[in-house]
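Undergrad: Now for the letters of each chain:
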Amino acid sequence: MSNAPALSLRRRMVGLAGSGTVATLTLLLVALWVAFAIMIGDRFFSVNTLQSMAFQMPELGILSLAMMLALLSGGLNLSIIATANLSGLTIAFLLTHYIPGSQGFAWVGIQVLAIAAGFAVAALVGLLNGFVIAYLGVSPILATLGTMTLCKGVAIGLSRGNVISGFPEPIVFIGNGTVFGVPFALIVLALCALPVALMLNATPFGAKVYMIGSNEKATRYSGVDTRAVLLKLYVLSSLLAGAAAVVMLARFNSANAAYGESYLLVTILAAVLGGIDPFGGFGKVGGLLLALIILQVISSAFNLLNLSQFLTLAIWGGILIAVAAVPHFAGKAPR
Amino acid sequence: MPESAIASFGRFRRSHEFWLLMVILGLCASLGFANAQFLTMQNLFDLLTSYAFVGILALGLLVVLIAGGIDISFTATASVAQYVTLSLANAYGANWISVFAIAIGIGGALGALNAIFIQKLRIPSIIVSVATLNIFYGLLIFFTGGKYIYSLPDWFATGIFWFEFEWAKDSSYGVNLQILALALAFLVTWLLLNRTNIGRQIYAMGGNADAAQRLGFHIFGLNILVYCYMGVMAGIASLIQAQLAQSVAPTVLVGKELDVVAAVVLGGASLMGGVGTVLGTFLGLTLLAVLQNGIILLGVSSYWSPFFVGLVILISVSATAWSQRERRTRSARR
Chain A
198 MSNAPALSLR RRMVGLAGSG TVATLTLLLV ALWVAFAIMI GDRFFSVNTL
248 QSMAFQMPEL GILSLAMMLA LLSGGLNLSI IATANLSGLT IAFLLTHYIP
298 GSQGFAWVGI QVLAIAAGFA VAALVGLLNG FVIAYLGVSP ILATLGTMTL
348 CKGVAIGLSR GNVISGFPEP IVFIGNGTVF GVPFALIVLA LCALPVALML
398 NATPFGAKVY MIGSNEKATR YSGVDTRAVL LKLYVLSSLL AGAAAVVMLA
448 RFNSANAAYG ESYLLVTILA AVLGGIDPFG GFGKVGGLLL ALIILQVISS
498 AFNLLNLSQF LTLAIWGGIL IAVAAVPHFA GKAPR
Chain B
9 MPESAIASFG RFRRSHEFWL LMVILGLCAS LGFANAQFLT MQNLFDLLTS
59 YAFVGILALG LLVVLIAGGI DISFTATASV AQYVTLSLAN AYGANWISVF
109 AIAIGIGGAL GALNAIFIQK LRIPSIIVSV ATLNIFYGLL IFFTGGKYIY
159 SLPDWFATGI FWFEFEWAKD SSYGVNLQIL ALALAFLVTW LLLNRTNIGR
209 QIYAMGGNAD AAQRLGFHIF GLNILVYCYM GVMAGIASLI QAQLAQSVAP
259 TVLVGKELDV VAAVVLGGAS LMGGVGTVLG TFLGLTLLAV LQNGIILLGV
309 SSYWSPFFVG LVILISVSAT AWSQRERRTR SARR
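As you go down the protein sequences, you meet chains A and B in turn.
Residue numbering for the first sequence follows the working numbering, beginning at 198 and increasing consecutively.
Residue numbering for the second sequence follows the working numbering, beginning at 9 and increasing consecutively.
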């Protein structure tokens, strides 16, 4: 094996990472859709199926956005689930303690304040992450591993591992209600994805994030305050985890210190499947959303086919390897 | 001779390992002072036995990290190796040599699969191992239905117990299977990394893969070896874990991968490759073990245990990063 072809192959891979992934994923989605339509028939296109897909996607979607932001800068955020559970428990505690007996204006105010408090907790965790990573120079995996354990510790310590449940109507609506047939949670996902996409593609801040992901040192030497950018980025990542917390606690009508832990590696899987470079610098929100739809389509179809959800996990893994290998084969073809 | 000893001690004093050792010694001293039970043989043997599983996996991961890769599929590999090996042992009979041979074979094969995906398809190791974690685990639960195995062969359930001696009236200690496997894993990994040509090649590859390839190192072969080694360690660890738990639970190991990552990176191994020592991994593992054990012995509610573990991880990694930064700026000024 000589080195020259390997290098040009790599260049081709980088070139393909942008538009190539979206093309591959779109093709894959169409192929899956056709295959499942043949296997399952009309039931696959029923309103019920589509709606249940749309209900299940937002949690993982918002958490994956949170993971994506950290990945784009060349980092990683392992604390997203723990952050979401901690801020979910904060909201749940406030709701269950102050809502009973309140009426009218206070009733609305408490719900708004509770959610605001949840976001405040998430922002605090983000500040801690950002400070330790950007200003103390700790590697993101270690720092967020620490905050993950810390957040989970606070959540378990304060809740004694108990579930807090029973929320007022409007909160439950966020996770289970529909607007003109569209699940409200899906709207929340859109309300998260759109600003993130705009921020990444159309603002100087987004450009700086991609630059840091490609080469942090070069970005710093070109006059960008990389530390401030990273701090802000981890706060944003945490705030997205806070948004996921609201959707999660609304959908389950409860909060707990250990909800959704199996999502952690799945968010990385979704992001990488969506074309986000795990070493930073490349990746678009559109790719991530496509990946999420693919994962959800497989999961829902397997459910309709009465196949184990664990087989779904295995197929997700297989798809990830297959999609990641496409640039390799595409690069080889012309030779 | 003494001069070089002083020089090497000076180097050690500035190393990451030295700071870890100081933290651990401080922690041990205060815990020993606070609770007489902490510094007893009983506690030492219990700690070694219960942390052997994480320790053996950490050694495998250390080699992968030094080589410049990462593997987080090892918990799934361990689950598969454990389930298949002990099912076979139950069905056809086996002995110590054959169970370990089967587990090592399965672990090695799954590790090699990772290496092939990484090297032949040129997919980054983090992507491959996230994917294979789901593939191995998903298929295992799909085919087994997630059923536990409670009846293990008698000789396996009994385990081994060497060099038995009595410490107090009712308690006797000896080298059990877990401690023996942990000690062997440390010895072999240390020999591999520090006393063999291949070990030096692994460091070189992790430091700069392109340069290593131009020097004529067989990169593909080295990668196969590294990921197989991780798989073999997962196979061994899975058996001693089953022996300790006295059952095979296919769903409990997956999810513990970050505990292992924590031990190795606390020990100073870098995710960028080329950096890391067996001593560091030992100290990282010790810090986590002493911390978790100490919190229990201090009578802190077990609900708060993860909080303190997280706090110590954050403080220790922050302090290390800070001291390195200080040193860099000081040497830059000079």
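Rather than coming from a laboratory, the hints here were simulated on the basis of the structure.
A virtual CB, placed ideally from N, CA and C, is assigned to each residue, including glycine.
Check each hint, because a few of them may be wrong.
Said to hold, decoys possible - Label-pair ranges, simulated between beta-carbon atoms:
1. R338/B / G403/A: 35 to 41 Å
2. L504/A / G34/B: 36 to 42 Å
3. E458/A / V308/B: 18 to 24 Å
4. F151/B / D239/A: 27 to 33 Å
5. M280/B / E458/A: 50 to 56 Å
6. G307/B / W230/A: 39 to 45 Å
7. S331/B / N373/A: 37 to 43 Å
8. G358/A / I323/B: 21 to 27 Å
9. A399/A / G307/B: 51 to 57 Å
Unchecked claim - Some chain A residues close to chain B (C-beta under 7 Å, calculated; not the full set):
10. P297
11. G343
12. K349
13. G514
14. A522
Stated by the list, open to error - Some but not every residue of chain A turned toward chain B, in silico, with C-beta under 10 Å:
15. G334
16. G358
17. V360
18. Y418
19. G420
20. V421
21. V463
Undergrad: Confirm or reject each hint.
TA: Results of checking the hints against the structure:
Restraint check, R338/B to G403/A: a C-beta distance of roughly 36 Å satisfies the suggested window 35 to 41 Å. A beta carbon spacing of about 54 Å between L504/A and G34/B contradicts the range 36 to 42 Å that was offered as a hint. For the hinted restraint 18 to 24 Å between E458/A and V308/B, the CB-CB distance of approximately 23 Å keeps it satisfied. Checked against the hint of 27 to 33 Å, the C-beta distance between F151/B and D239/A comes to roughly 31 Å, which is consistent with it.
The hinted range of 50 to 56 Å is not satisfied by M280/B and E458/A, whose Cβ atoms lie roughly 28 Å apart. Distance hint check for G307/B and W230/A: the Cβ-Cβ separation is about 58 Å, which falls outside the suggested range of 39 to 45 Å. Checked against the hint of 37 to 43 Å, the C-beta distance between S331/B and N373/A comes to roughly 51 Å, which is inconsistent with it. At roughly 25 Å, the beta-carbon separation of G358/A and I323/B lies within the given 21 to 27 Å, and the hint holds.
Distance hint check for A399/A and G307/B: the Cβ-Cβ separation is about 56 Å, which falls inside the suggested range of 51 to 57 Å. Interface restraint check for P297/A: the shortest CB-CB distance to chain B comes to about 26 Å, outside 7 Å, so the restraint is violated. Using the Cβ-Cβ criterion of 7 Å, the hint placing G343/A at the interface with chain B is satisfied: the shortest such distance is roughly 4 Å. The interface hint given for K349/A holds, since its Cβ lies 5 Å from the closest Cβ of chain B, which is under the 7 Å cut-off.
Interface hint at G514/A: satisfied, since its Cβ lies 3 Å from the closest Cβ of chain B, which is below the 7 Å cut-off. Given hint, A522/A at the interface with chain B, holds; its Cβ is 4 Å from that chain's nearest Cβ, closer than 7 Å. Interface restraint check for G334/A: the shortest CB-CB distance to chain B comes to about 5 Å, inside 10 Å, so the restraint holds. Annotation: G358/A was flagged as interfacial toward chain B, and the flag holds, the nearest CB pair being 6 Å apart, inside 10 Å.
Annotation: interface hint on V360/A violated; nearest CB of chain B at approximately 14 Å, more than 10 Å. This hint is violated: Y418/A has a C-beta 15 Å from the nearest C-beta of chain B, more than the 10 Å allowed. The restraint placing G420/A at the interface with chain B is violated, with a minimum CB-CB distance near 20 Å, outside the 10 Å limit. Proximity of V421/A to chain B is violated relative to the hint, the smallest CB-CB distance being about 19 Å (cut-off 10 Å).
With 10 Å as the threshold, the beta carbon of V463/A comes within range of chain B, its nearest partner Cβ sitting at about 8 Å, so the hint holds.
The structure fails to meet hints 2, 5, 6, 7, 10, 17, 18, 19 and 20 from the earlier list, while all remaining hints are met.
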